[in-house]
Amino acid sequence: MVPADFVFLILATLIVACGFVVVFHSKIIYSAFALLFSFFGVGGIYILLNADFLAGTQLIVYVGGISVLILFGILLTKKIYNLTTEETSTQKIIGGATSLAFLGALAALIFNTDWQIVTTTQEFTPQTLEIGKAFMGNFILPFELAAILLLVALIGAVIIGRDEKKEEI
Amino acid sequence: MDNILVWTMISILVMVGLVSVVGIISIYLERKVSAFMQDRLGPMEVGFGSLANAIIGKKTFKEGRIGLAQSLADGLKLLQKEDIVPKGADVFLFKLAPMIVFGGTFAAFAALPLAEYFVPADINIGLFYILAISSFGVTGILMAGWASNNKWGLLGALRSTAQMVSYEIPIGVSLISIVMICGTLSLKEMVLAQSGWFWNWHLFGAISHNGAIGIVLLPVMFINFLIYFTCSLAETNRAPFDIPEAESELVAGYHTEYTGMRFAIFFLAEYGAIFVGNAIAVTLFLGGWNSGIPMLDEANIPGIAPLIFITKVFVLIFVVMWVRWTLPRLRVDQLMNLCWKYLIPFTLFTFFYVTIYKVFLT
Numbered sequence: 001m002v003p004a005d006f007v008f009l010i011l012a013t014l015i016v017a018c019g020f021v022v023v024f025h026s027k028i029i030y031s032a033f034a035l036l037f038s039f040f041g042v043g044g045i046y047i048l049l050n051a052d053f054l055a056g057t058q059l060i061v062y063v064g065g066i067s068v069l070i071l072f073g074i075l076l077t078k079k080i081y082n083l084t085t086e087e088t089s090t091q092k093i094i095g096g097a098t099s100l101a102f103l104g105a106l107a108a109l110i111f112n113t114d115w116q117i118v119t120t121t122q123e124f125t126p127q128t129l130e131i132g133k134a135f136m137g138n139f140i141l142p143f144e145l146a147a148i149l150l151l152v153a154l155i156g157a158v159i160i161g162r163d164e165k166k167e168e169i
Numbered sequence: 170m171d172n173i174l175v176w177t178m179i180s181i182l183v184m185v186g187l188v189s190v191v192g193i194i195s196i197y198l199e200r201k202v203s204a205f206m207q208d209r210l211g212p213m214e215v216g217f218g219s220l221a222n223a224i225i226g227k228k229t230f231k232e233g234r235i236g237l238a239q240s241l242a243d244g245l246k247l248l249q250k251e252d253i254v255p256k257g258a259d260v261f262l263f264k265l266a267p268m269i270v271f272g273g274t275f276a277a278f279a280a281l282p283l284a285e286y287f288v289p290a291d292i293n294i295g296l297f298y299i300l301a302i303s304s305f306g307v308t309g310i311l312m313a314g315w316a317s318n319n320k321w322g323l324l325g326a327l328r329s330t331a332q333m334v335s336y337e338i339p340i341g342v343s344l345i346s347i348v349m350i351c352g353t354l355s356l357k358e359m360v361l362a363q364s365g366w367f368w369n370w371h372l373f374g375a376i377s378h379n380g381a382i383g384i385v386l387l388p389v390m391f392i393n394f395l396i397y398f399t400c401s402l403a404e405t406n407r408a409p410f411d412i413p414e415a416e417s418e419l420v421a422g423y424h425t426e427y428t429g430m431r432f433a434i435f436f437l438a439e440y441g442a443i444f445v446g447n448a449i450a451v452t453l454f455l456g457g458w459n460s461g462i463p464m465l466d467e468a469n470i471p472g473i474a475p476l477i478f479i480t481k482v483f484v485l486i487f488v489v490m491w492v493r494w495t496l497p498r499l500r501v502d503q504l505m506n507l508c509w510k511y512l513i514p515f516t517l518f519t520f521f522y523v524t525i526y527k528v529f530l531t
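One line per chain: the protein sequences are A and B, in this order.
With the first letter of the first sequence counted as 1, position 79 gets the number 79 in our numbering; the numbers rise by one all the way through.
Heads up: take any position in the second sequence, counting from 1, add 169, and you land on our numbering.
It should be emphasised that the hints constitute simulated quantities derived from the structure, not laboratory data.
Where is the CB? At the ideal position from N, CA and C, for every residue including glycine.
Treat the hints with care, since some could be wrong.
[Said to hold, decoys possible] Short derived list, chain A residues pointing at chain B, Cβ under 8 Å: (1) Phe-33; (2) Gly-56; (3) Ser-67; (4) Val-68; (5) Leu-75; (6) Pro-126; (7) Thr-128.
Let the sequences and hints guide you as you build the complete structure.
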């Protein structure tokens with residue numbers, strides 16, 4: 001077993017264990033923090049796959065952004081100290097059957113796919129340049145569209161967040 | 170393979186040493202600087218001699234008069250203190266939070282280029298990595314504030330996070346200008362680009378990249394440096410941006426309930442974060458390990474490069490303390506006004522200016 005496999009096992013365990021906590025823990029704040037570590041583990045997997053820039057982006061966007069947003073949402077709720085998720089399992093049989101069917105389908109898909117395994121012995125090459133060229137070349141339109149979308153969201157947030165008295169007409 | 174392993178171990182040990190020594194020296198400096206600014210004397214009694222005398226119980230050593238061992242003695246004291254977990258606190262998260270805050274700061278140390286031959290983790294996206302891994306500190310602070318089961322703690326954590334998240338934007342935009350000029354995210358290459366005379370530093374424009382025409386960037390680079398420095402104060406919750414820990418309102422903010430060594434870890438992480446923030450400023454704007462005089466760099470005096478780097482960082486840390494003991498605290502609305510109405514428009518302007526320079530003048 002090469003060291004990379006070992007690291008992969010650690011990261012995979014982290015991701016899956018945190019995923020379980022997200023779903024099953026009764027305290028919502030634990031779920032939020034577990035989600036954060038799950039995101040972190042995914043970032044680690046990206047590094048293993050030689051996608052360094054993507055890993056950094058994962059950290060900035062998901063760990064520093066999305067998770068903090070979720071935590072803020074939870075912390076600003078009333079009565080946060082006893083906040084628990086309510087579990088109402090009225091349709092256990094149907095729900096369980098659906099989950100099992102989905103699991104079976106996923107497993108079938110994983111085992112029947114002809115995975116293209118690339119050798120990992122190749123030299124590590126920085127990805128930033130390639131990503132930049134792709135953004136400014138073939139994918140300029142989606143890139144700019146995303147920029148406009150973010151600008152619209154930003155302005156929208158400012159307008160919604162404005163706390164001014166409405167002018168009387 | 171073995172070489173890499175040994176090298177990694179050495180780097181980790183050096184960095185653990187550095188982060189602790191930086192903490193100890195910064196705390197001592199802070200006490201002395203604040204004392205002198207308020208016309209006091211600061212720590213006087215606990216020199217190394219007095220500390221040794223206290224430990225062996227005899228008056229063998231000569232006692233110092235400038236209190237050099239004060240931080241060491243404080244550390245010894247904090248180690249022995251009782252570790253209290255408040256009754257209503259969430260024990261698991263309460264204990265985890267200081268580790269995460271410190272882990273985020275310490276992980277950022279890994280990419281600092283102390284010298285050309287000593288960059289513990291020479292990753293090609295070093296700058297991006299430091300900005301990304303620092304976001305762990307935010308989470309740790311939120312965790313600490315929530316787990317303490319204390320209103321002051323929670324309010325402090327929320328304020329701190331809001332402030333850190335807002336001020337990440339001007340930091341990012343002001344650093345992008347440098348990235349555009351250098352064409353790389355690797356901290357090592359950025360420093361290498363600034364070797365030679367001190368006017369090659371990015372603070373004075375882009376002379377090393379494009380010759381004399383690079384001087385047109387001088388004004389925007391000064392603005393960028395000032396904005397970055399201001400924002401790094403806010404990122405590390407330092408005065409005048411210390412409303413997360415405002416003593417008169419919030420007791421001590423997110424670490425109100427922490428005692429003993431856990432409290433010390435928060436402090437260590439805070440001073441570590443100040444070091445990292447100013448180390449980025451030195452690396453990007455002030456030439457990193459270059460002394461600014463080529464003859465000195467070429468003399469190859471062993472160990473001088475890390476020394477120059479750390480000295481520069483400590484000069485900036487002194488400025489940080491100077492600001493703290495000079496300026497009053499900003500109100501929350503003033504804080505947000507400063508960020509959104511002044512810093513962000515100015516960084517966008519400098520960004521635009523550098524883009525035009527890059528497109529038309531090079």
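These are the hints, each one checked on the structure:
Checking A/Phe-33 against chain B: minimum C-beta separation of about 7 Å stays under 8 Å; hint holds. The interface hint given for A/Gly-56 holds, since its Cβ lies 5 Å from the closest Cβ of chain B, which is under the 8 Å cut-off. Evaluation of the A/Ser-67 hint against chain B yields a held restraint, the C-beta minimum of about 7 Å falling below 8 Å. Annotation: interface hint on A/Val-68 holds; nearest CB of chain B at approximately 6 Å, less than 8 Å.
Using the Cβ-Cβ criterion of 8 Å, the hint placing A/Leu-75 at the interface with chain B is satisfied: the shortest such distance is roughly 6 Å. Look at A/Pro-126: its Cβ gets to within about 4 Å of chain B, closer than 8 Å, so that hint holds up. The interface hint given for A/Thr-128 holds, since its Cβ lies 6 Å from the closest Cβ of chain B, which is under the 8 Å cut-off.
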